[in-house]
Amino acid sequence: MVETVFEPWADPNADPLISFKNVTKRFGDFVAIDDLTLDIFEREFFALLGPSGCGKTTMMRMLAGFENPTSGSMSLSGHDIAGIPPNKRAVNMMFQSYALFPHLSVWENIAFGLRRDGVAKDVLHARVEEMLKLTRLEKFGRRKPHQISGGQRQRVALARSLAKAPKLLLLDEPLGALDKKLRQETQFELMDIQEQTGTTFVIVTHDQEEAMTVASRVAVMDEGRIIQAATPEKIYEAPNSVYVADFIGDVNILTGPVKAVGTDTYSLDFGGTEPMTAASDRTFAEGVTAHLAIRPEKIGIHAERPEGPNSVQGKVLDIAYLGNLSTYHVQLPNGQIIKAQTANTRRVSRRAFTWEDPVWVSWSATAGVLLDR
Amino acid sequence: MPYLWLLTLFLIPFVIVFKIALSDAALAIPPYMPTMKDGLSAMFSQLDFENFVFLTEDDLYWKAYLSSLKIAFISTVLTLLLGYPIAYAMARAPHEWRATLMMLIILPFWTSFLIRVYAWVGILSTEGLLNRFLFWIGAISEPLMILNTSTAVYIGIVYTYIPFMILPIYAALERLDASLIEAAEDLGCSRVKAFWLIIIPLSKGGIIAGCFLVFIPALGEFVIPSLLGGSGTLMIGKVLFEEFFSNRDWPVASAVAVILLIILIIPIILFQRNEQRQQEVEG
Amino acid sequence: MNRLSSFNVVSLTFGFAFLYLPILILVIYSFNKSKLVTVWAGFSTKWYGELLSNEAFLDAAWVTLKVAVISSSLATVLGTMAAYTLVRGGRFFGRTLFSGMIYAPLVMPEVITGLSLLLLFIGIGMDRGVMTIVLAHTTFSMCFVSVVVSSRLATFDRSLEEAALDLGASPFEAFRLITLPIIAPAVVSGWLLAFTLSLDDLVIASFATGPSATTLPMKIWSSVRLGVSPEINALSSILIGLVASGVIIASLVSKRNSVRLRLEERTAERL
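Residue numbers (our numbering), protein chains in the order written: chain A, 1 to 373; chain B, 1001 to 1283; chain C, 2001 to 2271.
Treat the hints with care, as some may be off.
Claimed, not checked - In silico EDC-like links for lysine to aspartate or glutamate, alpha-carbon gap of 16 Å or less: (1) Lys259(A) with Asp281(A); (2) Lys121(A) with Glu108(A); (3) Lys259(A) with Asp372(A); (4) Lys339(A) with Asp318(A); (5) Lys88(A) with Glu2173(C); (6) Lys259(A) with Glu286(A); (7) Lys144(A) with Glu2264(C); (8) Lys144(A) with Glu108(A); (9) Lys88(A) with Glu2162(C); (10) Lys133(A) with Glu189(A); (11) Lys88(A) with Glu2161(C); (12) Lys1204(B) with Glu1174(B); (13) Lys167(A) with Glu42(A); (14) Lys139(A) with Glu108(A); (15) Lys2219(C) with Asp2059(C); (16) Lys2255(C) with Glu1096(B); (17) Lys180(A) with Asp207(A); (18) Lys144(A) with Glu2265(C).
Hints were generated in silico from the structure; no laboratory data involved.
Could you put the whole structure together from the sequences, leaning on the hints where they help?
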């Protein structure tokens, strides 16, 4: 069975829905967005990920129309939207605080946007009912926001922002206020709704788990710049910088000068007993400092020295037990700590390693990514 | 649009008052000259400081200014002394009571100010209730002359303006953490000292606001000294009113107003500064 | 701390006694058959009768009511606009002057504002009467309204307005449909404040009025200059009664509303 992969960004003929070209935004002396260029395509579930202050919220507000770029251009479906006020854009936003109108009922909240457009009465009625059904709020139409729970308010906010079937929906940290279980359920609901309605979603979040779960592509941002924009797998397995590698999930970074030892293979001297080998499709000059980023689950932990390259001996400093996984913090002779993660295939009492045990950690030459910054 | 409105009805009248203060008195209606009918240039041609000079010459006026300052100042202090404990008690009261207490403090404010001052006339007169009460319990044998003296004015001002003192102080105290006094006592302070060293300085903003809210209007008060004070009680508001309506000397009245305004500018600016500082602390 | 120290209790009782005794005394004596405060001649409502049949008083009351309603409504509109400009306007040309003009009348002695307004009216040759009183009251009431409304606007959640804009409302629609209904309680209390101030004003009205218009406070003033007057006692009691019942009803209603609101919120969370 052939599965068509959704990858419009790889298609040279596809036209982006949103296009940022060299956009810069300054607030006085502070540069919030720095010469940013990005294309977002239709039907994407695009995530803007980064710490607070990185500019992701500013980008969203520029898309919504509440801020205008200081320089550069933004276009929606090929039309330049700079200067168009928020009430005239085919873009809708779901606010972090939900911003439900407290004096209007749930029904009226959802109908608000449609009313502003002067939609005919029967069409309006049908559409609101449709939205209520989509978000499973049929029974709550008459209630006011203070009469429903937090999770329900979130759904009202979603329904309200989808009511006008916008080309682009912006979600500002939509799941922040929900507890973990509800958050996970809602993440899948959001993905379902996005696929059903075919709307392009752009979500802003600081929670990398959330971004990785829902998004078709993730843009990791820092200080007004996009460091890397790619699918979750690529971001995780092939980060383009230590920043991205460190931002997503857990990672071990080994730093040192590199030397080419074969085609696409380098040896890195990270200060251990011997240098280790890593494969890389990037070229590095002789002696330049590089960083090897390896995920903990790619590191094996053994009692005896295993076969193969890249083995280091160390002592178990700490064990973090997470039920299904254990992360071993292994201290190497040079002081550096390596995190090795294994699934707990055996019960704890029969665990092979414990505190203070001398162990060997190893990984294959292709397990990590060699980075230059 | 309110800008325009205020501009015309507020700023320009001030300019006019100033101008008239500088012009001559006349017996015609309106009792000053030259008027606007003579043309704008004529209006500004005969300006002089004659009226201001007159003010400094006649004892009445500068005595009235000084007396007003004195009375306003003393009343403010009295109001503070009386109002602070009440505000403090309100701030320490159990939460359920607070809304009701607030309402009780504000209620008299909604009642006519004139009527409340008038009520004191009946109480403070020589055959009034206070004297009769004191007589009845044997505290005095001769009736006290309170009405038509400065004392009555003090009572009147304190009575009328005490909500203005209580509310800002209450607001400031309410924001304070109740455990501050306990923390101080825990560190070895006596209760009274803790109060003096900690609570009072922290409620300073409220105290200052309250004092200004009392002092500034009290300075120009008219009704209270007229009803409760005697001919001996000089307050500038009363002087202005009488100058205007009884003597029909508008230019002098305007000059009186101008000087009063100048006296008030400093307190008003200080008050605004305090308010701004308060907002910064909160926001 | 839930128990009040005895000092505090004493302060409170003394304080409230001080505030309310004169009012109570007034009310009691309005029922005094005798004209004099000194002698209690028995219970009577005759002063109420005399008051209500006194044409001059009734006329003045009517004028006062008219002026109060018109000026407070105007003041509310203008004051709200002013508040909006102050809170949302950011920096604009002449802002310091504007905010100075808004806040100054609050503390300025009434004699000064009254005098300057009168001179303005004379200066432009306006006939003084009910109209000028309305103008005068609107001017100073507007400042009070603006203070009340701007303090509410400052804490207003702007994301609600942004949401309205995002959904397609024009800025004016956003104000009319979202902001205004939500700040309505502040606007209403602004109106009430303006109404009370107008109803109660003596000094400014005296300056701003003409021969044809007399307000109730002015009438009261002319009566009490000469001493205690039992009709004024009766009038006072009526006014006090009205105000007291108004305030008590208002606070009961708001209490009931907040209790109901809290109940609804709690049941919502349980669902």
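Tested hints:
| no. | hint | result |
| --- | --- | --- |
| 1 | Lys259(A) with Asp281(A) | holds (14 Å) |
| 2 | Lys121(A) with Glu108(A) | holds (13 Å) |
| 3 | Lys259(A) with Asp372(A) | holds (13 Å) |
| 4 | Lys339(A) with Asp318(A) | holds (9 Å) |
| 5 | Lys88(A) with Glu2173(C) | holds (13 Å) |
| 6 | Lys259(A) with Glu286(A) | holds (5 Å) |
| 7 | Lys144(A) with Glu2264(C) | holds (10 Å) |
| 8 | Lys144(A) with Glu108(A) | holds (9 Å) |
| 9 | Lys88(A) with Glu2162(C) | holds (13 Å) |
| 10 | Lys133(A) with Glu189(A) | holds (13 Å) |
| 11 | Lys88(A) with Glu2161(C) | holds (15 Å) |
| 12 | Lys1204(B) with Glu1174(B) | holds (13 Å) |
| 13 | Lys167(A) with Glu42(A) | holds (8 Å) |
| 14 | Lys139(A) with Glu108(A) | holds (14 Å) |
| 15 | Lys2219(C) with Asp2059(C) | holds (10 Å) |
| 16 | Lys2255(C) with Glu1096(B) | holds (11 Å) |
| 17 | Lys180(A) with Asp207(A) | holds (12 Å) |
| 18 | Lys144(A) with Glu2265(C) | holds (10 Å) |
Hint check: no violations occur; every hint is consistent with the structure.
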